[in-house]
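Q: The chain contents come next:
Protein chains: 2
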Amino acid sequence: MRIAVDAMGGDHAPEHPVSGAVMAARELGVEIALVGDEAALAPALARHGSPDGIDIVHTEEAIGMDESVALAIRQKRRSSIHEAARLLRRGEVQGLVSAGNTGAVMAISKVIVGTLNGVDRPALAVVLPTQMGRAIVLDVGANVEPKSRHLVQFAVMGTHFASEILGVERPRVGLLSIGEEAGKGNDLVRKAHATLRESPLNFIGNVEANDLYRGRADVVVCDGFTGNILLKTSEAAVETLRFLMRTEFTRTWSGRLAGILGRGAFRRLRGRVDYAEFGGAPLLGLRGLAVICHGRSNPRAMRNGVRVALEYGQHGVDRRIEVALNDMQSNAAAPAATVR
Amino acid sequence: MRIAVDAMGGDHAPEHPVSGAVMAARELGVEIALVGDEAALAPALARHGSPDGIDIVHTEEAIGMDESVALAIRQKRRSSIHEAARLLRRGEVQGLVSAGNTGAVMAISKVIVGTLNGVDRPALAVVLPTQMGRAIVLDVGANVEPKSRHLVQFAVMGTHFASEILGVERPRVGLLSIGEEAGKGNDLVRKAHATLRESPLNFIGNVEANDLYRGRADVVVCDGFTGNILLKTSEAAVETLRFLMRTEFTRTWSGRLAGILGRGAFRRLRGRVDYAEFGGAPLLGLRGLAVICHGRSNPRAMRNGVRVALEYGQHGVDRRIEVALNDMQSNAAAPAATVR
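Chain order of the listed sequences is A and B.
Quick note on numbering: the first sequence equals residues 1 to 340 in the working numbering.
Quick note on numbering: the second sequence equals residues 1 to 340 in the working numbering.
These are computed hints drawn from the structure, not numbers from a lab.
It is possible that part of the hints are untrue.
When the alpha-carbon atoms are kept at most 20 Å apart in a straight line, the in silico SDA-like pairs for lysine to any residue are as follows [claimed, not checked]:
{"no.": "1", "chain 1": "B", "residue 1": "Lys184", "chain 2": "A", "residue 2": "Ile260"}
{"no.": "2", "chain 1": "A", "residue 1": "Lys184", "chain 2": "B", "residue 2": "Glu145"}
{"no.": "3", "chain 1": "B", "residue 1": "Lys76", "chain 2": "B", "residue 2": "Arg89"}
{"no.": "4", "chain 1": "A", "residue 1": "Lys147", "chain 2": "A", "residue 2": "Asp120"}
{"no.": "5", "chain 1": "A", "residue 1": "Lys191", "chain 2": "B", "residue 2": "Glu145"}
{"no.": "6", "chain 1": "B", "residue 1": "Lys184", "chain 2": "A", "residue 2": "Glu67"}
{"no.": "7", "chain 1": "A", "residue 1": "Lys147", "chain 2": "B", "residue 2": "Glu145"}
{"no.": "8", "chain 1": "A", "residue 1": "Lys184", "chain 2": "B", "residue 2": "Gly64"}
With the hints as extra help, turn the sequences into a complete structure.
A: Written as structure tokens, this is what we have:
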């Protein structure tokens, strides 16, 4: 297996992507195509002792983190993201990892790589920590106004990701809404609920954020607007709780002492809630997995992104999704055929 | 000023509503109409020494917390919620407070009390703690699929609530979206953005959850589906962080000691993040404020709910909202008149 790593993407490019790629090559036995400017990458690799299994795919163009996606796509056709996507399309790599501009990675890989059979649109997913383990939520920003059939496709992709990558047997699929009853929610949710109930998936009905965080679902599907709100709200609420906690713990001597004694606990906690520890956000539905890491990813997060893309390829998740969607299509078509 | 308190609503009715009403009457010098079954309420009041300023408005019917709202509205026309709403409509009270079934309070008071001039639909709001203070978010569940003009009405209501009740000068209004640029978001957000930009409100543009929690906006408007997701996600993320923290702090002796020393800090923190401390969720847009308290509200939360309803009436917020909406309507109509 060979994975492309965008060496020009992220707040700490090329240092962190290069270090992450080196860690991945050494620890995971994976081959890496490091995409970016050879003049910068060759010396960086040399500092790491030019490890085996990494080769540079040269391109000088790079898309900035805050650059207009629409412009960048047209004007920078040789960007590191474009080149990584081309490697994936040609089958020269089985996945790609980038800490670059999320919008650019989504748009470029959708156009260049193409989607799986039965998948209309790729979905951006995120793996969140729960009180019981982990859950995958999708879409969190690729499709702002999807149709209900897209949500069903997301549910299929999430199910196979959860079973193959998170190791969950018969993943429970929940539909994010604002009440558990089937009639609750907006029009999209009500339609998707009806379709999911008829599907062969392990659909457990509507779920709310507390169900997600208490670990009652393994896969949570929603439109990209709502999913993005959920993701950003989770991050902001946790950040604010930490902020207020720091304020309170530094107000008294007992609080400060507690803070010092509790350092280990706070550190372990950070490890559990830091979603970057999973490596990044999987962009599902392409031929081959793209993992979009946080812009401020450290080398470990980049390395973990490679691990997820690698496992995804090794487990043949793409093929499983296509088969499942094809089976659902055939079964949905069957009664109609009988009527004729 | 006189405020109706639903004595039959909530997980601890009638004890907590009665205790809250007694606290409010004693501490705030407000008159209370305690709505519920006299046979249960008279002895409960007697245990508190039958304080001045509280009278019982008798009704035997009560709507259960998990009861079907549609059925309850039709079959229990003399419920404590109906009676409290009737007092408000007749002007016998200036606000109402209930810890009962949220859906029932919203539906019944909308039908019985009616909305302010210029307001199409009431909006459920919530006051959240931020890193800098507090912000009001609306709608959080009353309107699942509103139009953009409703969001503008929410913004006006939120602005006057923030300035009169939260004491914010020229409140900054943000539109909840998934990116700061005007073009980001769904169709509703893009339309509302355009209208808000033209309004006399202090509109600061699209905001994300981190802007809200960092205190960059005083009023955040959104549709009720999205707002409910934001609210529930905030609660669930904080609950999960606490759960994981408890786990980590009890794993080692230093963690346990830190937990004991940090008790004061954790307690103060709880006081700051517990949104029930504000009393409840204001249902804005009716003639007179309804405050919907959490089902598990303690007497202090109920008392604080009464305080908010009281201040709302004293500051004449209803009238301010009507004037503002009327002015906006006239100004919007003016150019068209000139053209003719």
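Q: Take the hints in turn and mark each one as holding or not.
A: Status of each hint after checking the structure:
1. Between B/Lys184 and A/Ile260 the CA atoms are separated by roughly 43 Å; this puts the pair beyond 20 Å, and the hint is violated.
2. Distance check on the hinted pair: A/Lys184 and B/Glu145 sit about 12 Å apart at the alpha-carbon level, within 20 Å; holds.
3. Taking the CA atoms of B/Lys76 and B/Arg89, the gap is near 18 Å; set against the 20 Å cutoff, the hint holds.
4. Distance restraint check for A/Lys147 and A/Asp120: the Cα-Cα separation of roughly 10 Å lies within the 20 Å cut-off, and the hinted pair is therefore satisfied.
5. Simply put, A/Lys191 and B/Glu145 have alpha-carbon atoms about 15 Å apart, close enough for the 20 Å limit, and the pair holds.
6. Proximity of B/Lys184 to A/Glu67 is assessed by CA-CA distance (about 15 Å); at most 20 Å being required, the pair is judged to hold.
7. At roughly 16 Å between alpha-carbon atoms, A/Lys147 and B/Glu145 fall within 20 Å of each other, so this suggested pair holds.
8. Between A/Lys184 and B/Gly64 the alpha-carbon distance is near 19 Å, which keeps this suggested pair within the 20 Å criterion.
In this structure, only the earlier hint numbered 1 is contradicted, and the remaining ones agree with it.
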